[in-house]
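Undergrad: Single-letter residue listing:
There are 4 protein chains.
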Amino acid sequence: MSHNTFGHLFRVTTWGESHGPALGCVVDGAPPRLPLKAEDIQQWLDRRKPGQSRFTTQRREPDAVKILSGTFVEDGIEMTTGTPISLMIENVDQRSKDYGDIVEKFRPGHADLTYFLKYGIRDYRGGGRSSARETAARVAAGAVARAMLPEMMIRGALVQMGPHKIDRANWDWNEVGNNPFWCPDAKAAAEWEIYLDSVRKAGSSCGAVIEIVASGVPAGLGSPIYGKLDAELASALMSINAVKGVEIGDGFGAAALSGEENADEMQSGPHGIEFSSNHAGGVLGGISTGQDVVARFAVKPTSSILSPRKTVTKGGDDTEIVTKGRHDPCVGIRAVPVGEAMMACVLADQLLRHRAQMGGSGRNE
Amino acid sequence: MSHNTFGHLFRVTTWGESHGPALGCVVDGAPPRLPLKAEDIQQWLDRRKPGQSRFTTQRREPDAVKILSGTFVEDGIEMTTGTPISLMIENVDQRSKDYGDIVEKFRPGHADLTYFLKYGIRDYRGGGRSSARETAARVAAGAVARAMLPEMMIRGALVQMGPHKIDRANWDWNEVGNNPFWCPDAKAAAEWEIYLDSVRKAGSSCGAVIEIVASGVPAGLGSPIYGKLDAELASALMSINAVKGVEIGDGFGAAALSGEENADEMQSGPHGIEFSSNHAGGVLGGISTGQDVVARFAVKPTSSILSPRKTVTKGGDDTEIVTKGRHDPCVGIRAVPVGEAMMACVLADQLLRHRAQMGGSGRNE
Amino acid sequence: MSHNTFGHLFRVTTWGESHGPALGCVVDGAPPRLPLKAEDIQQWLDRRKPGQSRFTTQRREPDAVKILSGTFVEDGIEMTTGTPISLMIENVDQRSKDYGDIVEKFRPGHADLTYFLKYGIRDYRGGGRSSARETAARVAAGAVARAMLPEMMIRGALVQMGPHKIDRANWDWNEVGNNPFWCPDAKAAAEWEIYLDSVRKAGSSCGAVIEIVASGVPAGLGSPIYGKLDAELASALMSINAVKGVEIGDGFGAAALSGEENADEMQSGPHGIEFSSNHAGGVLGGISTGQDVVARFAVKPTSSILSPRKTVTKGGDDTEIVTKGRHDPCVGIRAVPVGEAMMACVLADQLLRHRAQMGGSGRNE
Amino acid sequence: MSHNTFGHLFRVTTWGESHGPALGCVVDGAPPRLPLKAEDIQQWLDRRKPGQSRFTTQRREPDAVKILSGTFVEDGIEMTTGTPISLMIENVDQRSKDYGDIVEKFRPGHADLTYFLKYGIRDYRGGGRSSARETAARVAAGAVARAMLPEMMIRGALVQMGPHKIDRANWDWNEVGNNPFWCPDAKAAAEWEIYLDSVRKAGSSCGAVIEIVASGVPAGLGSPIYGKLDAELASALMSINAVKGVEIGDGFGAAALSGEENADEMQSGPHGIEFSSNHAGGVLGGISTGQDVVARFAVKPTSSILSPRKTVTKGGDDTEIVTKGRHDPCVGIRAVPVGEAMMACVLADQLLRHRAQMGGSGRNE
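Protein sequences appear in the order of chains Y, E, H and V. Heads up, the first sequence stops at 444 in my numbering, and the numbers go up one at a time, no gaps. Heads up, the second sequence stops at 444 in my numbering, and the numbers go up one at a time, no gaps. Heads up, the third sequence stops at 444 in my numbering, and the numbers go up one at a time, no gaps. Heads up, the fourth sequence stops at 444 in my numbering, and the numbers go up one at a time, no gaps.
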C-alpha cells in the first residue's frame, strides 16, 4: 500500500515539506546499467523551477539535485546499478517571515484545512507537505523514467488558460519553448500574456488545462483490469496539486459522439496497423494501441488570492482571510513539466509490468 | 502490485470472462461481524443486470450471486468473519453461436485489438475478459463495501446521453428510479427515450456522462500524496469499460473560473464547518472535507455498431466489419450502478486506511 | 497489502473454509500462452489429498479442481490468456456432526483461540479458515507456477519425523514415492511406520522437518534488500500451518561453522562457475547462485490429541479438552507437497520480478 | 511490490551504499502527533554503530541521523505529522584505498558474486548495497516503530557464538549491556571473549544465534493467511545480512516434541488467559496470543577471512582470494540491535493492519 509511493515496479517514494531542509525521492526498480548523472535530471528540474518569469512564484530555488545512491561509475560512465536511487534537493529560499494569518485561518479551497482535519497537526509553512514544491521530486523521478524510455518522446503543452483555449489549428510544438506558458499556439500565447498580467495585478488567479502527448509508445502496454494504462494515468495526473479532471483522447467530448464518429478505423500499412483517427487517445481496454497516448488535465485556480474570503479559524470562529506573499497566479503553468514527468513514470512502470508478464513469452514489447 | 485487484486494504480481486462458466471476486480486508447475506448483494446486482429494458443488451442473465466463503451464522445472523469473501456468479446465457467475424477481425475502438496485441491470445467470445460483464463482480464487491459504510449514501445518475444534457434545475433523486436511464430529470428522460430508440433502431450507439454523489462522508478520508481520495476515484472510474474522462467537483469547468469564484467560503455552523458552495466536490489536497463527494465520468459510445467500418484481420489484411448481436446502444446506462460500486469501494478502502493511521491517535473518523 | 494474497507479480489469492461449500484461489500475473488444463493441476492435488494412507486424516475429499477462468483453447490446446485464473475445489465430505467441544473450548496450541481473540467470531467447523485444507489452494497455485518453470525441478522430502532423522547417506529421491511419508531413506521410512503407528494409536501426534530442493534455478533470481529470495521463501514456508522454523542451506548449523568451513569455494567449469559445496543453499545476498536452492522447515505436532489438556472456555472458565475426530497424527507429511508448491510460487514470482527489471538490459535470466 | 521497501502500512524504504555519500530511509505511514526527535533515534543507532569494541569493525562512523521531513514542532514538542519521515546518515569514514582484490575476484559466500551475476554492475566498495551498513537505516526506522509501541518492550540477546551456547539458566537481561556481545549469561560472555579473540587474531570468523523477545504485545496482532505475524517476522529477520535460519518459539525443537509436550495449556487468571508454557513463541495461526513473542535467527560466519580460498575472477579465471581490511569477526554481534529493529517494524506494521480491519468493530487491540 502506498501513501507517498507512486508506481508498482518503477516505484517513486517522495518526501519533504515546502519549508523543511530538503525534499526528494527514492526511485526503486529501475534497470541497471542505464547511463544517469545529475545533469540528466537537472535539465528537467530547470524547466519546472520557480522564478523564471513574472508569471510564476518569485521564490528563488536553484532546485539543484544530488544523487545520493544507486549509481556507480564504470568505464568512466555513471550508470544505475539496479539499487535504489536516492535524489535530494535542498531548500534554499525558505524566507523567514511571519506566517500569521495562515497559522490560524484556513484558505478556502486549500489543503491546509483538510490536513488539519485529518492529522490534527500540519506544517503550515508554505503549505507544508501539500505544497506544489513536492512536484520537484516528481520531475526528478520523471527524468529517471525518461532514461528508461529512449524511444519515446513525452511532451506537454498548456491548451487553455482561464477561459481562453488555444486554436488547435495553430498547434506547433516548436512554439512551446518560445513563451513562458508552454503554449503551442503563438497567437494565444500573446493574448494570454496580457490576460495573465491583469490577473496577476488584480491579485487574482486562474485555472488551466494541460495536454500531455507520448509518442513512440509500443502497442501492448497496460495491465487490465485494475492496472489499465489510462486508469493509472488518471490517478497519476489527478494526484498533482489542484487537478480536478482528467481525460484520455476525446475525453468528455466522446460522450457526445456517435459510435460511427468515435470509431478509429484501421488499415494495414508498411509499419503495421494505421489508424484513421485517434479519438481513443492511444488506449483501448486499458492497453496502448501504438498510437500517441494523449491525456489532458484541468487545474483549478490557485486558492491564494488577495480578495478577502470568508473562512473560519482553527478554533472554529468566523473570520476573513487575504493571502499575500509569493504565489503562482496560474499554477497550471508549472504543472506542464510535472504532467510530463507523471506520464513518463506511468509508462516506465507499465513497461516493467509488461516485461514481467511477457518477458518469457516472446510477445512484442 | 495488482492487475486484477482493486484497493489497498479493502481489496477486490475479480476474475472471469464473458462466456466462461462463471465470474466473481474475492473481497479481502472487510471487518468481521458485519451482517452480510447473499440477498444484501443481490439487490444491487439486480439494478445492473442486463435485459431490464429494450435499451440494454437482451442477454438474459439472472446474475445470481453465491457467497462461497467469509461469512458465518452466529445467533441466527450471517456475518463476515474477517476472512476473504468469495463471491461467484454463474454465466447462464452464453448463447451458442458462430462468432465468425470477431474471431478474425478487430472492431475499431474495441479492446479485442489490444488484448491480441498484448497477449497474443484472447477469449473472443463476447469480448472475453474485456467485456462489461466483469462489472457484475464490481457491483457485488460494492455491496460489501456499502455494508461497511452504513452512514453514507452513495447514489448515481445519468446526466448526459449522447449530446443531450439534463437541466440541473430539474434534478430530483426520486426520478432516478422512474425511468430506464437513471435520469434525475423527468423531462430529459422522456426526450432521451425517443432519442435512444432512434439510435437503437439505426444500429448505432451513443455515449453518456454519469455523476456519482456520496453523502455522509466524514472529513479526513484520503491518503496524500499518491493515495489521494480523488486520485483513487479517478483510477477507479477510469478503469470502468469505455470510460474516457473523470472529473471531481467542477472538474474541467474549474479551469475557467477565477480564484474568487472557485473559493468555497466557510463559516461555522451548529454541526461544524459550513461551506457556501462545493466547487471542490468534497475533496481538498486529496482529503475529504465533509461535504458531498461528487465525481463524474464520461463513457464513449459502444464500439459494436451496424454500419460497416474499415479494419484489419488478425492476419493483417484490410477488411470491413459490421457487428450484429446483443449489445447496449448506450453502455453508459448500466455504468451507473458500477460507478456507485466503485465509489463505495474507494471510500471503504480509504476508511480502512484512515483507521490504520489514525486509530491510535484519537483523531476524528 | 495482502492478508490472503501471496506473491507480488505471480499473485495467488486464496479463499475458503474447511467446511464451507468450496475453497479456491485466483492466480494473477501468469504469462499468456502457457499450456494449462485441469489435469495438469489435478496431478499435484492428488499427492496432497487426504485419506491416502492410515497416517493422514480419514476425511474423504476428491479435491477435484475446476478452472473457472483464465484459459482458452486455441488450436486444440488449452492455454493461459494472461487474465486471472480462478481455481475452485468443492468440499464434499464436510461430515455433519456435533462440534460440541470445540465450539466452546479452545485447543491448546490451536489457532481457534487467536482467531476468536482477533475477530470475535470464527467458523469453528474443522478449524474454519485456519484449517490445513486451505493448503489445497496453494498446491493448485503451485501447479500453475510449475507450468512457468519447465526447466526447474522442485522436490520435497520428509527428513525428520518426531525426533527421528533420516540418514543423509541413504538419500535416494526415488524412494520418496515408495512410502507414505515422502521419505528419501528407505530404512528410516520403515522405522517411521512403526513409530507413527504407535503415535496414532495413542491418540498423540508428532512434528516433522521437511526439505525442499529446487534444481535448475538460474543465477540472479532474488530482489534485495526486502524481496530477497531467501526472505520470501522464509515467509512462504512459515505461512504454512504449524510451521515454527525455516532454514536455508546449512541454516542454524551455519552458526557453528568457521568462516573457512562455510566458504563455498568456486572454480570455473565447462558450464560456468562450479562450487565445491553448498552451505549457502543456493542463495547469497538474497540472490540465487545457480546452485540448488535448499530450504527446510519444521512442523510442530498437531494440536488435536486425545489426552486431556487444561484450557479455558469462550466465556473464560477453566476446563479440560480432549479432541476426537479425523486428524493427521503427523501433519508434516502432507506439508511436503505444500512446501514444494510454495517454493514453486516464490520462484515464479522472482522470475517475473527479474524479467521486469532485467528484461530490457540484456542480462542473463 | 517492494525491492527496497519493508512493511505494508508502516513502510520503510531504505537506500544507500557502504561507501556512497550517505544512506537512509523514508518511513511512511506512522501516525501523526507522535513525539519524535533525532535524539530518540540516535540512541538506538549508537548501540549498533561500529568500532565500539575490538570485536567489531574498526571503521569509525558516528552514524549521526538527521530528520529531513515529517516532523513539526508544536507547543515546543517535535512531533510526527503523518507525512513521510526522511532520515539520513552521512558516511564519514569511507577510507580511500585500493580495492584491488575484490574489484576483480569474488569472495566465496559473499553477495559480490550474485549482485554481479544479476545486475552486471556493482558498487564493489565495501560491498556496496549488500553491505551491513544498510542495517543502520533499519535501526533508525526501528526507533520510529518503537515510538508507536510505548507499551511494548523489545529486547535482543546473543545466545550462541560459533558453537558455544549460553546456559539459559543463567539468563539475566541486566547482563546484556555489561559485555560487548549482548550476552545475557555473564559466564558465557567471559568465555566468548577468549574465544573471539582467538578467532579475530587468526583472521577467521564465526557465526552466531540471536534471540529477540517482545513483551507487552496484545493478543490479536497478525494477518492470516499470508500476512501472518510469524511469516512476516521470518521474512524480516531472514532479510538481515548473513542470516540463514529463523525460528519462532521452540522452532526446530518443536518437531521433536509430542503433541502433549507442545501444548501450551491455559487457565484463566486475573489479567485474562494464563499459559503454562510458551512453546508457541506467542503466535498461533499467525496471530499473537498475548504472550511474549519470541524469535531466533542464525547468522553465518563473515565471508571476509584471511585464509586463502579458491575462487574465480570477473573474467572467469581460477584464482585465490584473501580478504584483508576492516571486518567484523562475528557479524552476529551487531545484528542484535538490527533484529530488535526488525521486530519493532513488524509489530508496528501489524498494529496498523489490525487497527485498519478492527478499528470500527469494537474488537480489542
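FYI, nobody ran anything at the bench for these hints, they're computed from the structure. Watch out, some of these pointers could steer you wrong.
Since the list can't tell identical chains apart, any single copy or any two copies may satisfy a pair.
What the hints assert, rightly or not - Result set (EDC-like, lysine to aspartate or glutamate): computed pairs, CA atoms no more than 20 Å apart in a straight line:
#	residue 1	residue 2
1	K145	E169
2	K244	D180
3	K145	E339
4	K280	E340
5	K389	D180
6	K389	E344
7	K393	E183
8	K128	E118
9	K389	E157
10	K389	E270
11	K266	D246
Undergrad: All hints, please: hold or fail.
TA: Structure-based check of each hint:
In this homomeric assembly, K145 and E169 come within 20 Å of each other (Cα to Cα) both inside a single copy, at 9 Å, and across copies, at 13 Å. In this homomeric assembly, K244 and D180 never come within 20 Å of each other (Cα to Cα): the closest approach is 35 Å inside a single copy and 43 Å across copies. For the homomeric pair K145 and E339, neither the shortest alpha-carbon distance inside one copy (52 Å) nor that between copies (39 Å) is at most 20 Å. Proximity of K280 and E340 under a CA criterion of 20 Å is satisfied inter-copy only: 17 Å between copies versus 44 Å inside one chain copy.
Taking the closest pair of Cα atoms, K389 and D180 come within 20 Å of each other only inside a single copy of the chain (13 Å); across copies the shortest separation is 63 Å, beyond that limit. Taking CA atoms no more than 20 Å apart as the test, K389 paired with E344 passes between copies only; the shortest distance there is 5 Å, against 53 Å inside one copy. In this assembly of identical chains, the alpha carbons of K393 and E183 lie at most 20 Å apart only when taken from the same copy (5 Å versus 52 Å across copies). Taking the closest pair of Cα atoms, K128 and E118 come within 20 Å of each other only inside a single copy of the chain (15 Å); across copies the shortest separation is 34 Å, beyond that limit.
For the homomeric pair K389 and E157, neither the shortest alpha-carbon distance inside one copy (54 Å) nor that between copies (32 Å) is at most 20 Å. For a Cα distance limit of 20 Å, the shortest separation of K389 from E270 qualifies neither inside one copy, at 33 Å, nor across copies, at 42 Å. When the C-alpha separation of K266 and D246 is checked against a cutoff of 20 Å, the pair qualifies only within one copy, where the shortest distance is 9 Å, while the shortest distance between copies is 36 Å.
The structure shown violates the earlier hints numbered 2, 3, 9, 10.
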